[in-house]
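K.L.:
Chain residues, written in single-letter form:
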Amino acid sequence: MIERSRTFDTVTYFVMAVGLIVVIAPFWVVLVAGSQSLQEVSRIPISLWPSNHLMENLSEAWRRADLGPKLLNSLIVAVGVTSGKIVLAALSAFAIVFFDFRGRMLSFWLIFITLMLPLEVRIVPTYSIAANALSPFQTILDTLGITGLVQSLTGIQIGLSWNLLNSYPGMILPLIATATGTFLYRQFFMTIPDELVEASKMDGSGPIRFFTDVLIPLSRTNMLALATIMFVYSWNQYLWPLLITTDRAHYGTAVMQLKALIPAQNGTPDWNVTMAGALIIMLPPLLVVAFMQRWFVRGLVSTDK
Amino acid sequence: MERRAYYRKNSLPWLLLAPQLLLVLIFFYWPTTQALYWAFTLEQPWGGGNSWAGVDNFLAVFADDRYWTTVLRSGFYAVVSTALSMAGALILALFADRALKGTGLIKGIFIWPYAIAAPAAGVAFRFMFSPEAGLIGAINKLWPGIWDPSTIGWHALLMVIVCHAWLGIGYNFVFFLAALQGIPRSLTEAGAMDGARPFRRMLDLQLPLIAPTTFFLFIINIISSFTDSFGLIDTMTEGGPIGATTVMVYKIYFDGFKGLDYSGAAAQSIVLMIIVIALTFIQFKWVERKIHYS
Amino acid sequence: MKRHWLSVTALALTSTALVSAPALAAPTKFEFWYGLSGDLSEKVQQMCKDFNASQTDFEIVCTSQDDYDTNLQNTIAAYRADKQPTIAQIHDAGTLDLMLSGAYMPVRQLMEENGYKIDWSNYFSGIASYFSTSKGELLSMPFNSSTAVIYYNTDALAKIGQPLPQTWEEVETAARAMKAAGYDCPVAFDPTGVWQWFEQFSAIHNQPIATNGNGFGGLNAELVFNRGKFVDQLTWIKKMYDEGLFVHKSKAAGETANDAFEHGHCQITSSSVADHGTFSKLADPTVHWTNTMLPVWAGTDRKNSLVGGASLWTLKGKSPEEYKGAAAFYAFIATPKQAEWWSTVTGYIPVTNTGFEAMKAKGFYDAAPYKGRELAIQSLTFTPPTENTRGIRLGNYVQIRKEVGDAIAAVLFNNVPVQEALDTAVEHGNAVLRKFEKTYQGAQLP
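From first to last, the protein sequence lines are chains A, B and C.
Taking the numbering used here, the leading residue of the first sequence gets 1, the next gets one more, and so forth.
Taking the numbering used here, the leading residue of the second sequence gets 306, the next gets one more, and so forth.
Taking the numbering used here, the leading residue of the third sequence gets 600, the next gets one more, and so forth.
Hints should not be assumed to be uniformly reliable.
[Said to hold, decoys possible] Result set (PhoX-like, lysine-lysine): computed pairs, CA atoms no more than 25 Å apart in a straight line:
#1 B:K563 x C:K682
#2 C:K936 x C:K961
#3 C:K628 x C:K915
#4 C:K970 x C:K758
#5 B:K446 x C:K778
#6 C:K628 x B:K563
#7 C:K1037 x B:K563
#8 C:K716 x B:K446
#9 B:K563 x C:K850
#10 C:K716 x A:K259
#11 C:K850 x B:K446
#12 C:K917 x C:K682
#13 C:K880 x C:K961
#14 C:K648 x C:K682
#15 C:K880 x C:K959
#16 C:K936 x C:K716
#17 A:K259 x C:K850
#18 C:K642 x A:K259
#19 A:K259 x B:K563
#20 A:K201 x B:K563
#21 B:K446 x C:K915
No lab work stands behind these hints, which were simulated from the structure alone.
Turn these sequences into a full structure, and let the hints guide you.
P.N.:
Here it is as structure tokens:
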């Protein structure tokens, strides 16, 4: 800090303390409730101090929601989405920001609009697509009359089919098809000074060289930030995996299991087990965020100071 | 936002864009177009067929006064949750930026809410705010009925909005803090030398400089209040009581997916899309041009 | 998939073992999606396991989709994508949509084609009529059937010294006495319990919910429940609520009506007879309870109550082998042994006359913990079905149910006048019906 002001420091500490309480309260309640016995958690008012049943609640939640394989599935999906997104979004943002071509704004808007219509409102047709990801091409071939032509010429019926239900690609690909990453890269690429581009041009290197030698190294921290964002985003997906995995035993993810942990309509209200389960399910993205925090914050700082 | 230096190639950018565009076309535009087609037809839920309906579905939606209530409610939800979350995060970031001794760890904790899945937060908040259990239950014992989101609409709406704002704090905080730390030190030092008090400096110097971030976050927050609210509302209130927490996305989901009225839901999603696109477009045209990217 | 040559006879109905030629290949797999969760889901899984163990030709894969609504939605999404299960469990409110969809194979046809002889007249008429065509052909397989009953905490009744209430008047007296005796919550009330508080009330009191025999006569039916006895009933419920005799208990309120009853927090609740088993298992040991048929207002000519629960629909677009499997599964669950096991462990009622008589003859209903369940059958078969008690055949009924639930909640929580709330619900509900009629223009009820 540049100079000290005692009153202002006090204000600072006070605000930080209030903020801390607000932010941490729900975590605390989850932890406390997750560590209590059924009797303790049903008490009104509830004690705000942890009890000693955490381990048994955790293992009960682990067993009830079959969390072992579910956490593994979540991990596979999260890593798949994260890596796919980092690569694809960088490429597309590069094209949109650094190239002058017809259709530049169109492409940008085509990608950007996907931010606006959430999956929930187009879930039925998206499900159909997941059942056969190649059906658009089939329809195109059909309408162009190519299917009929080929069939009459060769006798072969073209039937394109790629079923994504109950599969990792089905859980991963539609999540990559969103704009968050592109938008973030774009915001960052916009801050790259024109001089860098010009310098690179003067060296005689082309766009690919510029991308690999200048942009990628410059955006390393941004990538880490994006990776964090995408990991959290995909780990926390709820409705989509719920819909396209009917084979829950093999393809269910951890967050889906929250519903299985909420006290059933006719069961005992064992919120302690629910909270213990929530704790486990919340932990991986929390760890990623906590661990990546340094890069996460720095990756979002514009570099042109 | 215009750059001066560009590469001029015609095929390379398309190649770079191809994978992303392909995915977007298959998994977004194709199904969306299909849904949009339903808006002009009466679609049978089991897919047995449909009949052309013209703009009837839209007329029916617009004639329903409850739909307009939902639109207003969504606007209220978007503005209040965004304002709460961004203001809270901004205040925390401004003070955290002072980097006083012992606040480093706290800074890290401020990011935590970002990592939490909406349904998980929904479950936790529902437990906390449940009128009969846990925390609020104690207050209700003293003053019966003072808090009851299960019957009083605005209590429920407030509960969901607070939870939404809480979830957004972490994300907003990170971006604000990053932006503040991105302000060149020389500028702040110059301000200090001019004798500006810390509080003045925040208002006059730091806030204008982080305007691009504020704009970015504003868009992201508004959009997220339209989209991410789903997981929260579904786990906390299911749109109730008496529809008091039904926002546009939830209504679309309920009417279409639960109520099996695919056509009415499709018409509503067109309206939603037009509203959001218009909003964003205005922002882009007016705000991004005015805000100066340093 | 290998073909299996089955020599299945009507024997399959009476024995759990299916006869088949030596199967060299893997058994034919087929899917069954259902909408039960928790304890009931475990029972379904047990049933599937038993079926798979009983024979070697088929393997049923049973998947819980959490609840009826979700199961209906997911089944529709899957059907549209041509990935549907062979069997789907669809609840009462989804029946008409499915009937008009043409997406199913009638169960009678399925069983006949696969060589099973089933005496369809053996099914309770109230159950059969809900899932049958106008000509009486059963379209889906009755599976988990129930009706609503009312449960009382007997200790609370003893404390106020009142016999089991049979009429709503007596319920009111009892509730008042309980309140006076210090019980905070005499009656647990969940406004989303439209099924027991509204539909069953209308049936028992012979009130039409909609014209055209509740929709059985055609798609042009119109809602009329804003003109009948339900107006008075809701007025009464509101009075009871304001006096604190009915207390709001629901998932949203933090404790469901059933939970409140199980733990002795509330003394009276109305719910499905299927919860009879749940209460036996989960009620606190200190809570003693019993049940009766739903009360009527004094002087009412009581009619039969409506069947609730769900039935099993066989969806189109599957292979003959899978249909063979589905038929074998239906035959399996219809065996007396299975049917008895199912209604013993769940509380769902036996769906056939002979099944019920057999269990009665055994003395099943004579003692705790099963005593009281026979009242559900009595309620269901109290009179032959009338125009108003055959069932409800209205399009997109899920939305109409929600309208009624919202109307009840608006009256209770927001003090909206009863007539105004019901008029609104009827108006919005009719809009749903008209849209449905247009969507299926020209379609005939089967």
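K.L.:
So, for every hint listed, does it hold in this structure?
P.N.:
Structure-based check of all given hints:
1. Restraint check for B:K563 and C:K682: the C-alpha separation of about 19 Å stays at or below 25 Å, so the hint holds.
2. Among the hinted pairs, C:K936 with C:K961 is consistent with the structure: their alpha-carbon atoms are about 13 Å apart, no more than 25 Å.
3. A distance of roughly 16 Å separates the Cα atoms of C:K628 and C:K915; the hinted pair therefore holds under the 25 Å criterion.
4. This hinted pair checks out: C:K970 and C:K758 have alpha carbons roughly 22 Å apart, not beyond 25 Å.
5. Distance check on the hinted pair: B:K446 and C:K778 sit about 18 Å apart at the alpha-carbon level, within 25 Å; holds.
6. Straight-line distance between C-alpha atoms of C:K628 and B:K563 comes to about 29 Å, which puts the hinted pair past the 25 Å bound.
7. With a C-alpha separation of about 19 Å, the suggested pairing of C:K1037 with B:K563 holds against the 25 Å cut-off.
8. For the hint linking C:K716 to B:K446, the alpha-carbon distance of about 62 Å lies beyond 25 Å, and the restraint is violated.
9. Annotation: proposed proximity of B:K563 to C:K850 holds, straight-line Cα distance about 19 Å (limit 25 Å).
10. Note on C:K716 and A:K259: the hinted pairing is violated, with a Cα-Cα distance of about 42 Å set against a maximum of 25 Å.
11. Annotation: proposed proximity of C:K850 to B:K446 holds, straight-line Cα distance about 19 Å (limit 25 Å).
12. At most 25 Å may separate the alpha-carbon atoms for a hinted pair to count; C:K917 and C:K682 meet this at roughly 10 Å.
13. Simply put, C:K880 and C:K961 have alpha-carbon atoms about 22 Å apart, close enough for the 25 Å limit, and the pair holds.
14. Taking the CA atoms of C:K648 and C:K682, the gap is about 23 Å. The hint holds against a cut of 25 Å.
15. Restraint check for C:K880 and C:K959: the C-alpha separation of about 22 Å stays at or below 25 Å, so the hint holds.
16. A hinted pair counts as satisfied when its Cα atoms are at most 25 Å apart, and C:K936 with C:K716 qualifies at roughly 18 Å.
17. For the suggested pair A:K259 and C:K850, the alpha carbons sit about 14 Å apart, so the restraint of at most 25 Å is met.
18. At roughly 19 Å between alpha-carbon atoms, C:K642 and A:K259 fall within 25 Å of each other, so this suggested pair holds.
19. Using a Cα cut-off of 25 Å, the hinted pair A:K259 and B:K563 holds, with the two alpha carbons roughly 18 Å apart.
20. In summary, the hint linking A:K201 to B:K563 is not supported, as the alpha carbons are separated by about 57 Å, beyond the 25 Å threshold.
21. Distance hint between B:K446 and C:K915 is unfulfilled; the C-alpha atoms sit about 56 Å from each other, more than 25 Å.
Going down the numbered hints, you'll see the structure goes against 6, 8, 10, 20 and 21, while the others check out.
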